[in-house]
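Asks: Sequence:
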Amino acid sequence: MNAVNWVLSSRDDVHVGDVVSTDAGGMPTYRVMAIEQGEALLEDEHHSALRAPLDRFPWKADGRAA
Numbered sequence: 027m028n029a030v031n032w033v034l035s036s037r038d039d040v041h042v043g044d045v046v047s048t049d050a051g052g053m054p055t056y057r058v059m060a061i062e063q064g065e066a067l068l069e070d071e072h073h074s075a076l077r078a079p080l081d082r083f084p085w086k087a088d089g090r091a092a
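Numbering (our numbering), first residue to last: 27 to 92.
None of these hints come from the bench; they were simulated from the model. Since we're looking at a predicted model, the values are computed, not measured. A few of these clues could be false.
Unchecked claim - Taking CB as the label site, the calculated pair distances span:
no. : residue 1 : residue 2 : range
1   : L34       : E65       : 16 to 24 Å
2   : A29       : Q63       : 13 to 21 Å
3   : E62       : A29       : 14 to 22 Å
4   : V33       : A60       : 20 to 28 Å
5   : E71       : V33       : 32 to 40 Å
6   : A29       : G64       : 12 to 20 Å
7   : D81       : N31       : 32 to 40 Å
8   : A50       : P79       : 16 to 24 Å
9   : V42       : H72       : 17 to 25 Å
10  : D88       : M59       : 14 to 22 Å
11  : L76       : D38       : 14 to 22 Å
Ideal placement from N, C-alpha and C gives every residue a C-beta, glycine not left out.
Kindly generate the complete structure, drawing on both the sequences and the hints.
Replies: Structure representation (structure tokens):
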């Protein structure tokens, strides 16, 4: 399994499809499904939906293996 590199991001740097987390260790992680007015519709690995401010998720997976 590939490791994920986590980078600090701003809410302006998060886009639909990105994987975000509240912790640099990446647990739990959420995929951004939609963004509207500073809030994101997120989905976890169990496909449960969550709506929350983007400011709560400062870490973003940069997509490159460590």
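Asks: Return holds or violated for the Cβ distance of L34 and E65 against the range 16 to 24 Å.
Replies: At roughly 20 Å between Cβ atoms, E65 and L34 fall inside 16 to 24 Å, so the hint holds.
Asks: Please test the hint of 20 to 28 Å on the beta carbon pair from V33 and A60.
Replies: holds (22 Å)
Asks: Does the Cβ pair A29, G64 satisfy 12 to 20 Å?
Replies: violated (30 Å)
Asks: Mind checking the hinted window 13 to 21 Å against the Cβ distance between A29 and Q63?
Replies: Taking Cβ atoms as reference, A29 and Q63 lie about 34 Å apart, which means the hint is violated.
Asks: Assuming the hint says 16 to 24 Å, is it satisfied by the Cβ distance from A50 to P79 or not?
Replies: holds (19 Å)
Asks: Quick check: does the Cβ-Cβ distance between E62 and A29 fall within 14 to 22 Å?
Replies: violated (32 Å)
Asks: So the hint says 17 to 25 Å: do the beta-carbon atoms of V42 and H72 match that?
Replies: holds (20 Å)
Asks: Return holds or violated for the Cβ distance of E71 and V33 against the range 32 to 40 Å.
Replies: With a Cβ separation near 20 Å, E71 and V33 fall outside 32 to 40 Å, so the hint is violated.
Asks: Please check whether L76 and D38 have a Cβ separation lying inside 14 to 22 Å.
Replies: With a Cβ separation near 21 Å, L76 and D38 satisfy 14 to 22 Å, so the hint holds.
Asks: For the hint 32 to 40 Å, verify it against the beta carbon of D81 and that of N31.
Replies: Given about 21 Å between the Cβ atoms, the range is violated.
Asks: Just to be sure I understand the hint, the distance between the Cβ atoms of D88 and M59 should be within 14 to 22 Å; is that true here?
Replies: holds (19 Å)
When each numbered hint is compared with the structure, violations occur for hints 2, 3, 5, 6, 7.
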